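*Asks:* These are the residues of each chain, in order.
Number of protein chains: 2
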Amino acid sequence: MDNFQFYNPTRIIFGKNTENKTAKEIKRYGGSRVLLHYGGNSIKKSGLYDKITQLLSEAGLFVVELGGVVPNPRLDLVYKGIELCKENNIDFILAVGGGSVIDSAKGIAMGCKVEGDIWDYYMDNSKVVPAALPIGVVLTIPAAGSESSTGSVITNELGGFKRYTGGEIVIPRFAIMNPEITYTMPKAQIAYGCSDIIAHLFERYFTLSPNNDLTDRLIESTITTVMNNGLQAMKNPTDYNCRAEIMWAGTIAHNNLLNTGRIGDWGTHDIEHELSGIYDIAHGAGLAILFPAWMRYVNNENIDKFIQIANRVFGVDFPRENKELIVDAMIEKLESWYKTMGLPTRLSEVNIDNTHFKEMAEKCVVNRGSVGNFKKLYPADIEAIYTLAL
Amino acid sequence: MDNFQFYNPTRIIFGKNTENKTAKEIKRYGGSRVLLHYGGNSIKKSGLYDKITQLLSEAGLFVVELGGVVPNPRLDLVYKGIELCKENNIDFILAVGGGSVIDSAKGIAMGCKVEGDIWDYYMDNSKVVPAALPIGVVLTIPAAGSESSTGSVITNELGGFKRYTGGEIVIPRFAIMNPEITYTMPKAQIAYGCSDIIAHLFERYFTLSPNNDLTDRLIESTITTVMNNGLQAMKNPTDYNCRAEIMWAGTIAHNNLLNTGRIGDWGTHDIEHELSGIYDIAHGAGLAILFPAWMRYVNNENIDKFIQIANRVFGVDFPRENKELIVDAMIEKLESWYKTMGLPTRLSEVNIDNTHFKEMAEKCVVNRGSVGNFKKLYPADIEAIYTLAL
Chain A
8 MDNFQFYNPT RIIFGKNTEN KTAKEIKRYG GSRVLLHYGG NSIKKSGLYD
58 KITQLLSEAG LFVVELGGVV PNPRLDLVYK GIELCKENNI DFILAVGGGS
108 VIDSAKGIAM GCKVEGDIWD YYMDNSKVVP AALPIGVVLT IPAAGSESST
158 GSVITNELGG FKRYTGGEIV IPRFAIMNPE ITYTMPKAQI AYGCSDIIAH
208 LFERYFTLSP NNDLTDRLIE STITTVMNNG LQAMKNPTDY NCRAEIMWAG
258 TIAHNNLLNT GRIGDWGTHD IEHELSGIYD IAHGAGLAIL FPAWMRYVNN
308 ENIDKFIQIA NRVFGVDFPR ENKELIVDAM IEKLESWYKT MGLPTRLSEV
358 NIDNTHFKEM AEKCVVNRGS VGNFKKLYPA DIEAIYTLAL
Chain B
8 MDNFQFYNPT RIIFGKNTEN KTAKEIKRYG GSRVLLHYGG NSIKKSGLYD
58 KITQLLSEAG LFVVELGGVV PNPRLDLVYK GIELCKENNI DFILAVGGGS
108 VIDSAKGIAM GCKVEGDIWD YYMDNSKVVP AALPIGVVLT IPAAGSESST
158 GSVITNELGG FKRYTGGEIV IPRFAIMNPE ITYTMPKAQI AYGCSDIIAH
208 LFERYFTLSP NNDLTDRLIE STITTVMNNG LQAMKNPTDY NCRAEIMWAG
258 TIAHNNLLNT GRIGDWGTHD IEHELSGIYD IAHGAGLAIL FPAWMRYVNN
308 ENIDKFIQIA NRVFGVDFPR ENKELIVDAM IEKLESWYKT MGLPTRLSEV
358 NIDNTHFKEM AEKCVVNRGS VGNFKKLYPA DIEAIYTLAL
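From first to last, the protein sequence lines are chains A and B.
Per my numbering, residue 8 is the first one in the first sequence, and the count goes up by one each step.
Per my numbering, residue 8 is the first one in the second sequence, and the count goes up by one each step.
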């Protein structure tokens with residue numbers, strides 16, 4: 008087991024009607040002048056926007072609004088948010104939405120506290136962001152895990168770069184999570200969310216760090232839970248328990264608990280960011296397409312790790328003729344789960360051909376040389392994985 | 008799934024040589040005048056005491072020492088610690104030891120901030136402790152999970168009461184956990200520790216709250232890890248990975264993550280506290296004796312929960328003639344694990360007879376009427392469980 012630090016101080020407030028506590032929590036963490044940050048119309052249609060603005064106003068909080076966050080959130084809006092915060096002496100950012108809104112809020116929170124351009128920190132994430140405004144979250148989409156994570160992923164349309172930065176300083180102070188709020192999500196988004204959650208778990212599972220039994224088993228438990236409850240949620244989107252399982256699993260999958268004692272891989276996320284950076288497809292769809300391809304490409308780096316998950320999660324049992332067949336069967340079971348969830352598993356299904364493979368593979372390693380840890384991937388490897396995913 | 012709040016801000020600093028960071032962490036959390044709290048001679052023999060005191064002194068921290076914490080830590084020493092802290096304007100308590108030392112430190116930390124007698128809060132834990140001095144931990148015994156928990160259990164020899172209080176305010180700021188430090192533990196203590204950890208998991212597993220798949224599976228994973236690595240640690244106490252698994256599992260088992268969405272039972276802990284309050288036997292031994300008896304007494308409250316753990320953790324598979332036989336087989340497997348670990352599974356093995364059963368059963372419910380949640384236990388039930396454990 009590798010040495011590690013684990014620190015996650017987000018206060019999780021989980022369950023029915025918990026959004027009623029929003030104003031109280033903002034005040035607990037010292038907020039008085041709030042930027043209310045959100046996406047499009049969905050929170051207006053669902054009534055959540057009205058509820059939250061009323062709560063903040065009743066509590067006497069000063070509020071400035073910035074909506075308009077889109078999936079694969081943009082740098083432009085982050086700049087606009089920074090300007091708004093500075094003009095209005097904002098001391099707290101409330102993100103009402105999913106991962107895109109939260110990541111955008113984190114970009115703004117950091118941008119308010121750095122000298123110079125926050126984008127420099129995304130393009131070179133070895134640069135440490137010194138501070139950030141405090142953030143709180145009312146989560147509407149369980150997927151990205153950004154509600155208690157250290158990270159923010161932002162897309163700069165200038166050049167089509169989708170990059171990551173963050174640190175302890177942007178872990179949200181609180182995350183309000185009411186599974187009922189997720190009932191209005193379109194079914195496709197439930198599937199994208201489950202795919203993203205499972206991807207976070209895979210990235211942490213496939214490690215070359217010395218054996219780490221507890222973390223492996225906790226990840227396996229979380230994958231199993233999401234796979235089972237994901238199928239159930241597609242059938243019955245208003246099954247509370249099942250939506251609650253997915254929502255809580257989404258947080259657990261990405262709050263760093265499940266990479267204690269190890270270095271995760273993250274190659275597939277980096278390769279996917281190039282895809283959704285250029286084509287603007289849903290992150291969860293891109294991951295469903297790329298993970299099987301990545302697994303086929305890298306499994307011989309440590310095939311026993313694949314055998315373990317085949318056995319414990321996918322119920323692919325011994326004896327089989329050889330290890331390769333077990334892994335094949337496991338990847339097929341995973342693909343079949345993606346399909347049942349209504350997700351694509353090939354680039355051709357989302358009308359992407361090989362036109363930009365070379366360009367994406369090269370851009371993927373800019374400033375870092377390679378991506379991934381389970382197997383270090385260079386542009387030729389990345390191109391090969393895109394090709395396997397065709 | 009029940010509504011819940013989860014908040015655990017302890018900074019876990021895990022791995023080899025991490026004790027070198029002690030002074031730096033105390034300073035991070037604003038400490039300058041430190042009470043160094045510990046138990047007996049073991050940290051002096053192992054060299055840890057010298058290392059820590061040197062680090063604190065080099066860092067220019069003012070230090071007052073209070074050693075002498077015993078298993079089932081005593082109220083008398085808590086009173087002494089409170090006095091010492093007040094006399095010396097202490098602003099930080101460093102606990103170097105296991106659960107007893109940490110619980111004693113928590114008692115002192117709370118006692119410094121309450122008007123009146125801290126014991127009143129233990130005897131009536133509906134009374135909210137308003138504040139506490141900050142605490143840091145260098146953990147030497149993985150067992151109690153107190154290094155990141157909200158609780159403190161203290162014994163008042165006057166009346167033989169062993170009682171619990173706590174709250175968010177006593178969650179340690181940091182916990183330094185180097186598995187190598189645990190190498191010098193006597194083997195019996197490894198076994199007591201594993202028994203305590205597994206007991207924390209059972210207490211959280213057996214709930215009447217609505218079904219909660221993820222938490223169930225995470226608990227099962229942690230139990231499996233502790234059972235496997237516990238056996239390995241008894242064979243080879245200096246197997247680093249295996250000691251690391253147990254140490255990290257001990258924290259996970261008790262940092263409240265694994266009772267999200269449910270109300271735990273805790274009846275067996277309460278019944279055990281009476282035993283170790285009067286007889287001063289090791290807590291881990293008392294739990295190994297009482298859990299099988301408790302399971303036999305209560306399993307028909309929700310036998311399917313027992314079937315689930317029998318199947319997923321103990322490998323007791325279907326088909327069997329009936330559910331009762333599956334549960335019997337599971338409890339026997341658990342007893343057999345305790346025995347292999349060198350633990351007692353009957354009161355008679357530790358020379359306890361029925362002399363005080365009635366008295367203990369009645370004292371157990373003082374101020375609370377009953378204990379346990381999976382099945383509410385009244386004095387007659389508690390006496391029956393002691394009798395099953397004879």
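It should be emphasised that the hints constitute simulated quantities derived from the structure, not laboratory data.
None of the values given here were measured: they were computed from a predicted structure.
You may find that some hints are simply not true.
Said to hold, decoys possible - Looking from chain A toward chain B, a few residues come up when the C-beta cut is under 10 Å (computed):
1. D9
2. K23
3. N219
4. R224
5. N243
6. P244
7. T245
8. Y247
9. Q315
As the list claims (entries may be wrong) - Subject to a maximum C-alpha distance of 25 Å in a straight line, what follows is the list of computed DSS-like cross-link-like pairs (lysine-lysine):
10. A/K31 <-> B/K194
11. B/K194 <-> B/K23
12. A/K51 <-> A/K194
13. A/K52 <-> A/K93
14. B/K330 <-> B/K365
15. A/K242 <-> A/K194
16. B/K134 <-> A/K28
17. A/K134 <-> B/K52
18. A/K34 <-> B/K370
19. B/K87 <-> B/K120
20. B/K51 <-> B/K34
21. B/K134 <-> B/K120
22. A/K346 <-> A/K134
23. A/K134 <-> B/K330
24. B/K34 <-> B/K120
25. A/K365 <-> A/K340
26. B/K28 <-> A/K120
27. B/K330 <-> B/K340
The beta-carbon is built from N, C-alpha and C at its ideal position, and this holds for glycine as well.
*Asks:* Now, for every hint given, state plainly whether the structure supports it.
*Replies:* Each hint tested on the structure:
Nearest Cβ of chain B to the Cβ of A/D9: about 7 Å, under the 10 Å cut. The hint holds. Checking A/K23 against chain B by beta carbon gives a least distance of about 6 Å; that is within 10 Å, so the hint holds. Nearest Cβ of chain B to the Cβ of A/N219: about 8 Å, under the 10 Å cut. The hint holds. With its C-beta approaching chain B no nearer than about 4 Å, A/R224 sits inside the 10 Å limit, and its interface hint holds.
The interface hint given for A/N243 is broken, as the beta carbon of that residue sits about 15 Å from the closest beta carbon of chain B, more than 10 Å. Interface restraint check: A/P244 against chain B, minimum CB-CB distance 16 Å, threshold 10 Å, status violated. Annotation: interface hint on A/T245 violated; nearest CB of chain B at approximately 14 Å, more than 10 Å. A cut of 10 Å between beta carbons decides the hint on A/Y247: the least distance to chain B is about 8 Å, and the hint holds.
Using the Cβ-Cβ criterion of 10 Å, the hint placing A/Q315 at the interface with chain B is not satisfied: the shortest such distance is roughly 13 Å. A C-alpha spacing of about 49 Å is found between A/K31 and B/K194, which places the hinted pair above 25 Å, so the restraint is violated. Restraint check: the Cα-Cα separation between B/K194 and B/K23 comes to about 21 Å, which is no more than 25 Å; the hinted pair holds. At roughly 19 Å between alpha-carbon atoms, A/K51 and A/K194 fall within 25 Å of each other, so this suggested pair holds.
Taking the CA atoms of A/K52 and A/K93, the gap is about 30 Å. The hint is violated against a cut of 25 Å. Restraint check for B/K330 and B/K365: the C-alpha separation of about 32 Å exceeds 25 Å, so the hint is violated. With a C-alpha separation of about 9 Å, the suggested pair A/K242 and A/K194 falls inside the 25 Å cut-off, and the hint holds. The suggested pairing of B/K134 with A/K28 holds, with an alpha-carbon distance near 23 Å, which does not exceed 25 Å.
Distance restraint check for A/K134 and B/K52: the Cα-Cα separation of roughly 44 Å exceeds the 25 Å cut-off, and the hinted pair is therefore not satisfied. Between A/K34 and B/K370, the direct Cα distance comes to roughly 43 Å. Violation of the 25 Å bound is thereby established for this hinted pair. Our distance criterion of 25 Å between C-alpha atoms is met by B/K87 and B/K120, whose separation comes to about 15 Å. Restraint check for B/K51 and B/K34: the C-alpha separation of about 24 Å stays at or below 25 Å, so the hint holds.
The hinted pair formed by B/K134 and B/K120 meets the criterion: a straight-line CA distance of about 14 Å does not exceed 25 Å. Our distance criterion of 25 Å between C-alpha atoms is broken by A/K346 and A/K134, whose separation comes to about 40 Å. Restraint check for A/K134 and B/K330: the C-alpha separation of about 59 Å exceeds 25 Å, so the hint is violated. The hinted pair formed by B/K34 and B/K120 meets the criterion: a straight-line CA distance of about 21 Å does not exceed 25 Å.
Of the supplied pair hints, the one linking A/K365 and A/K340 is violated, its CA atoms being roughly 30 Å apart against a limit of 25 Å. Straight-line distance between C-alpha atoms of B/K28 and A/K120 comes to about 28 Å, which puts the hinted pair past the 25 Å bound. Taking the CA atoms of B/K330 and B/K340, the gap is about 15 Å. The hint holds against a cut of 25 Å.
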